[in-house]
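Enquirer: For reference, the chains in residue letters:
Protein chains: 6
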Amino acid sequence: MATLPLLDDEAAGPEARAVFDDIRARRNTDYVNNFWRALAHDPALLKSTWERVQEVMAPGELDPLVKELIYVAVSTVNGCSYCVHSHTAAARAKGMTPGQHAELLRVVALASQTNALAHALQVEPDERFKA
Amino acid sequence: MATLPLLDDEAAGPEARAVFDDIRARRNTDYVNNFWRALAHDPALLKSTWERVQEVMAPGELDPLVKELIYVAVSTVNGCSYCVHSHTAAARAKGMTPGQHAELLRVVALASQTNALAHALQVEPDERFKA
Amino acid sequence: MATLPLLDDEAAGPEARAVFDDIRARRNTDYVNNFWRALAHDPALLKSTWERVQEVMAPGELDPLVKELIYVAVSTVNGCSYCVHSHTAAARAKGMTPGQHAELLRVVALASQTNALAHALQVEPDERFKA
Amino acid sequence: MATLPLLDDEAAGPEARAVFDDIRARRNTDYVNNFWRALAHDPALLKSTWERVQEVMAPGELDPLVKELIYVAVSTVNGCSYCVHSHTAAARAKGMTPGQHAELLRVVALASQTNALAHALQVEPDERFKA
Amino acid sequence: MATLPLLDDEAAGPEARAVFDDIRARRNTDYVNNFWRALAHDPALLKSTWERVQEVMAPGELDPLVKELIYVAVSTVNGCSYCVHSHTAAARAKGMTPGQHAELLRVVALASQTNALAHALQVEPDERFKA
Amino acid sequence: MATLPLLDDEAAGPEARAVFDDIRARRNTDYVNNFWRALAHDPALLKSTWERVQEVMAPGELDPLVKELIYVAVSTVNGCSYCVHSHTAAARAKGMTPGQHAELLRVVALASQTNALAHALQVEPDERFKA
Numbered sequence: 612m613a614t615l616p617l618l619d620d621e622a623a624g625p626e627a628r629a630v631f632d633d634i635r636a637r638r639n640t641d642y643v644n645n646f647w648r649a650l651a652h653d654p655a656l657l658k659s660t661w662e663r664v665q666e667v668m669a670p671g672e673l674d675p676l677v678k679e680l681i682y683v684a685v686s687t688v689n690g691c692s693y694c695v696h697s698h699t700a701a702a703r704a705k706g707m708t709p710g711q712h713a714e715l716l717r718v719v720a721l722a723s724q725t726n727a728l729a730h731a732l733q734v735e736p737d738e739r740f741k742a
Numbered sequence: 612m613a614t615l616p617l618l619d620d621e622a623a624g625p626e627a628r629a630v631f632d633d634i635r636a637r638r639n640t641d642y643v644n645n646f647w648r649a650l651a652h653d654p655a656l657l658k659s660t661w662e663r664v665q666e667v668m669a670p671g672e673l674d675p676l677v678k679e680l681i682y683v684a685v686s687t688v689n690g691c692s693y694c695v696h697s698h699t700a701a702a703r704a705k706g707m708t709p710g711q712h713a714e715l716l717r718v719v720a721l722a723s724q725t726n727a728l729a730h731a732l733q734v735e736p737d738e739r740f741k742a
Numbered sequence: 612m613a614t615l616p617l618l619d620d621e622a623a624g625p626e627a628r629a630v631f632d633d634i635r636a637r638r639n640t641d642y643v644n645n646f647w648r649a650l651a652h653d654p655a656l657l658k659s660t661w662e663r664v665q666e667v668m669a670p671g672e673l674d675p676l677v678k679e680l681i682y683v684a685v686s687t688v689n690g691c692s693y694c695v696h697s698h699t700a701a702a703r704a705k706g707m708t709p710g711q712h713a714e715l716l717r718v719v720a721l722a723s724q725t726n727a728l729a730h731a732l733q734v735e736p737d738e739r740f741k742a
Numbered sequence: 612m613a614t615l616p617l618l619d620d621e622a623a624g625p626e627a628r629a630v631f632d633d634i635r636a637r638r639n640t641d642y643v644n645n646f647w648r649a650l651a652h653d654p655a656l657l658k659s660t661w662e663r664v665q666e667v668m669a670p671g672e673l674d675p676l677v678k679e680l681i682y683v684a685v686s687t688v689n690g691c692s693y694c695v696h697s698h699t700a701a702a703r704a705k706g707m708t709p710g711q712h713a714e715l716l717r718v719v720a721l722a723s724q725t726n727a728l729a730h731a732l733q734v735e736p737d738e739r740f741k742a
Numbered sequence: 612m613a614t615l616p617l618l619d620d621e622a623a624g625p626e627a628r629a630v631f632d633d634i635r636a637r638r639n640t641d642y643v644n645n646f647w648r649a650l651a652h653d654p655a656l657l658k659s660t661w662e663r664v665q666e667v668m669a670p671g672e673l674d675p676l677v678k679e680l681i682y683v684a685v686s687t688v689n690g691c692s693y694c695v696h697s698h699t700a701a702a703r704a705k706g707m708t709p710g711q712h713a714e715l716l717r718v719v720a721l722a723s724q725t726n727a728l729a730h731a732l733q734v735e736p737d738e739r740f741k742a
Numbered sequence: 612m613a614t615l616p617l618l619d620d621e622a623a624g625p626e627a628r629a630v631f632d633d634i635r636a637r638r639n640t641d642y643v644n645n646f647w648r649a650l651a652h653d654p655a656l657l658k659s660t661w662e663r664v665q666e667v668m669a670p671g672e673l674d675p676l677v678k679e680l681i682y683v684a685v686s687t688v689n690g691c692s693y694c695v696h697s698h699t700a701a702a703r704a705k706g707m708t709p710g711q712h713a714e715l716l717r718v719v720a721l722a723s724q725t726n727a728l729a730h731a732l733q734v735e736p737d738e739r740f741k742a
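Residue numbers (my numbering), protein chains in the order written: chain A, 612 to 742; chain B, 612 to 742; chain C, 612 to 742; chain D, 612 to 742; chain E, 612 to 742; chain F, 612 to 742.
Calculated from the structure, these hints are not laboratory results.
Some clues are possibly wrong.
No copy is singled out in the list; a pair is fine if it fits within one copy or between any two copies.
Stated by the list, open to error - 20 Å max Cα-Cα, derived SDA-like pairs, lysine to any residue:
#1 Lys658 to Lys741
#2 Lys658 to Met707
#3 Lys741 to Asp674
#4 Lys741 to Gly671
#5 Lys705 to Glu621
#6 Lys658 to Asp674
#7 Lys658 to Arg635
#8 Lys741 to Glu672
#9 Lys741 to Val667
#10 Lys705 to Glu672
#11 Lys741 to Ala636
#12 Lys658 to Ala704
#13 Lys658 to Ala669
#14 Lys705 to Pro625
#15 Lys705 to Gly624
#16 Lys658 to Pro709
#17 Lys705 to Ile634
#18 Lys741 to Leu656
#19 Lys705 to Ala655
#20 Lys658 to Arg637
From a predicted model like this one, the values you see are computed outputs, not experimental measurements.
Input sequences plus hints: build the corresponding full structure.
Expert: This is the structure in structure tokens:
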């Protein structure tokens, strides 16, 4: 259960519905994810978040799949169940292979382990890491 | 200051020193990072961690730079200062461009934002995300 | 499912039941939340936690609704599903409007984003922030 | 030390410098914080982040001081040293009294404690919390 | 629902099945936990993780129950629902009494509270803590 | 630098000074840690926190050293530099051996790794973990 009811198209106001329509058009599907339906209670935040996702996740110097892998990594460390599910699905849709998924998990697990060790040891960064 | 003194080559036992030598050989440098010098108090953990890093970060279905970007993302979310410094430096050494660094930060910032929103909204994952 | 069974009034000992009664009296309801029923396995911790909540969340220089908003923010970042639900409900009970809820989420999302950027950039605090 | 050098006005490009000027004008000071100088390596992100801060933190249904308190709470839980410093300073500049600061810390400490208990107990949210 | 389907014995390859068999033999049960069945998609990671658990959690200078309590503490702070459940159960299987469980929760709750205060206060470590 | 100045004995009010005196008496030292000197701005919180630490960390069904190890584990995962330093020092003062410290770090590192994997896999807790 969510802290705000999911808004279907009727319940959403015209500004939110316009975002729903854009989601459908860009994703070539009728389906609008629960996240957007909950966010629709704040149509301006819905709009700016959706637009930001389009802009940041677009091809650039990093390709879209690499960006999704980073998104999954962040969501995993934040323990965000919804986001791990949605962005793992998105990574698959963008071509993530089972082998790439396995390697992603290995890196996330390793980094979590050495992060914990560095926190426990409280080692100062080496001078040579300076930008 | 660290919770354990950094061990120089003399203070480190032979098992730790052998790892230091392997670090030097594989990285083609005389320098051994503070993290490994602190970890040297537990030579077996030093050895297994160093070997695991070599294995996980090697080229596979994901290339080594992509793995470093994921490592930086995890370390950022965990707030691990040492690891952000060391793996940002490692990513640069593996060819990360300023533009790629900027895109990495944009994705990490965006994901942190939507993770927070999903936690606040407590939206249930959509059925269609099912594996 | 919880790691400890929820205790109903009969299963709870007299010390826990006294806290349940105080919860009912102060909240003017018969209902005792699951959290308190799980905590009842340690009646002393139940009592001290409940009393601490009453003391800290009482009107002071900050009003109770502002305190609830801060509580929701902390619970969101900690990814605590139970606490996000219970304190969002508590904030509503104390008068939180949909508009205030939306602004709370915007601030939490923005702060999460800039926190991530600051962690990635490892910027030192400015001298002028000194207390 | 930061992972990117702080850019002074000369080193910053014209787009970043325009943001620096806006920061100076709106804050009525010559000083530009380290965070913005590090972020200036990505002028577009600098600009969108600065504008978002202005928009989200402006007076609305919550007053600006309440928003700063929430910002400090989020930054505290995320363990973001830079952000705790800068937003505690900002809260003081917006009128936070020592007594309000003390109450903020009490709520953050209490919520962190009950969040941990709820995670340890894994209690399911009560049906009545449903939105 | 998981991001990868749980593999039963038939679906798992021979390398994963060998780990399942080792789990059964060492635990003297027919049951293999969901975590291992999900991890079986990466048989090498399954094997190395399972072996690492056996090695790290074995009796040493700390007894196995103390190690489980630490495991539960870490899992609680990381908000890992699965791990809190599985390691609370493991601690019970290793003899954790209700009183020890209660004390564990008190320490975790207290530490979470003072951690939050230390983050909010940004106090520098005392010189005398130096290793 | 801290967000509040550390209070020496003169600057602290009589209520805070009484806590300082109790710290000195119980620890048989003249030294009062920075954390308590920063917390002294809220004498009531200082007093209740100090008293809570004495109560929770006292010998019970878990011995004081085990409690310190759990405290270090929680502080490590929360990335609390001050607390990792102070409680690692406290654990040493209570007799933690280098070998116990090493095992603590191994458990914390392992748990962090499997917590990350469980978050990435989103595995549901097994029915048999039910309390």
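Enquirer: Now, for every hint given, state plainly whether the structure supports it.
Expert: Status of each hint after checking the structure:
For a Cα distance limit of 20 Å, the shortest separation of Lys658 from Lys741 qualifies neither inside one copy, at 39 Å, nor across copies, at 26 Å. When the C-alpha separation of Lys658 and Met707 is checked against a cutoff of 20 Å, the pair qualifies neither within a copy, at 28 Å, nor between copies, at 23 Å. For the identical chains of this complex, Lys741 and Asp674 are neighbours neither inside a copy (28 Å) nor across copies (25 Å), given an alpha-carbon limit of 20 Å. For a Cα distance limit of 20 Å, the shortest separation of Lys741 from Gly671 qualifies neither inside one copy, at 27 Å, nor across copies, at 29 Å.
Taking CA atoms no more than 20 Å apart as the test, Lys705 paired with Glu621 passes in neither setting, with 31 Å inside one copy and 29 Å between copies. In this assembly of identical chains, the alpha carbons of Lys658 and Asp674 never lie at most 20 Å apart, being 24 Å within a copy and 24 Å across copies at closest. Only within a single protomer do Lys658 and Arg635 lie at most 20 Å apart by alpha-carbon distance; the minimum there is 14 Å, versus 29 Å between protomers. Taking the shortest Cα distances, Lys741 and Glu672 never come within 20 Å of each other, neither inside one copy (24 Å) nor across copies (31 Å).
Taking the shortest alpha-carbon separations for Lys741 and Val667, neither the intra-copy value of 27 Å nor the inter-copy value of 25 Å comes in at or below 20 Å. In this assembly of identical chains, the alpha carbons of Lys705 and Glu672 lie at most 20 Å apart whether taken from the same copy (16 Å) or from different copies (15 Å). Taking CA atoms no more than 20 Å apart as the test, Lys741 paired with Ala636 passes in neither setting, with 46 Å inside one copy and 23 Å between copies. With identical chains, the CA atoms of Lys658 and Ala704 are never at most 20 Å apart, being 23 Å at best within one copy and 29 Å at best between copies.
Taking the shortest Cα distances, Lys658 and Ala669 sit within 20 Å of each other both inside one copy (17 Å) and across copies (19 Å). In the homo-oligomer, the alpha carbons of Lys705 and Pro625 never lie at most 20 Å apart, since the shortest distance is 31 Å inside one protomer and 30 Å across protomers. Proximity of Lys705 to Gly624 under the C-alpha cut-off of 20 Å is found in neither arrangement, the shortest distances being 31 Å within a copy and 27 Å between copies. Taking CA atoms no more than 20 Å apart as the test, Lys658 paired with Pro709 passes between copies only; the shortest distance there is 18 Å, against 33 Å inside one copy.
In the homo-oligomer, the alpha carbons of Lys705 and Ile634 lie at most 20 Å apart inside one protomer (16 Å), although the nearest pairing across protomers, at 36 Å, exceeds that limit. Proximity of Lys741 to Leu656 under the C-alpha cut-off of 20 Å is found in neither arrangement, the shortest distances being 37 Å within a copy and 23 Å between copies. Within a single copy, Lys705 and Ala655 get their C-alpha atoms no closer than 28 Å, and across copies no closer than 25 Å, so neither meets the 20 Å cut-off. In this assembly of identical chains, Lys658 and Arg637 lie within 20 Å of each other by CA distance solely inside one copy; the values are 14 Å within and 26 Å between copies.
Of the numbered hints stated above, those contradicted by the structure are hints 1, 2, 3, 4, 5, 6, 8, 9, 11, 12, 14, 15, 18, 19, listed in ascending order.
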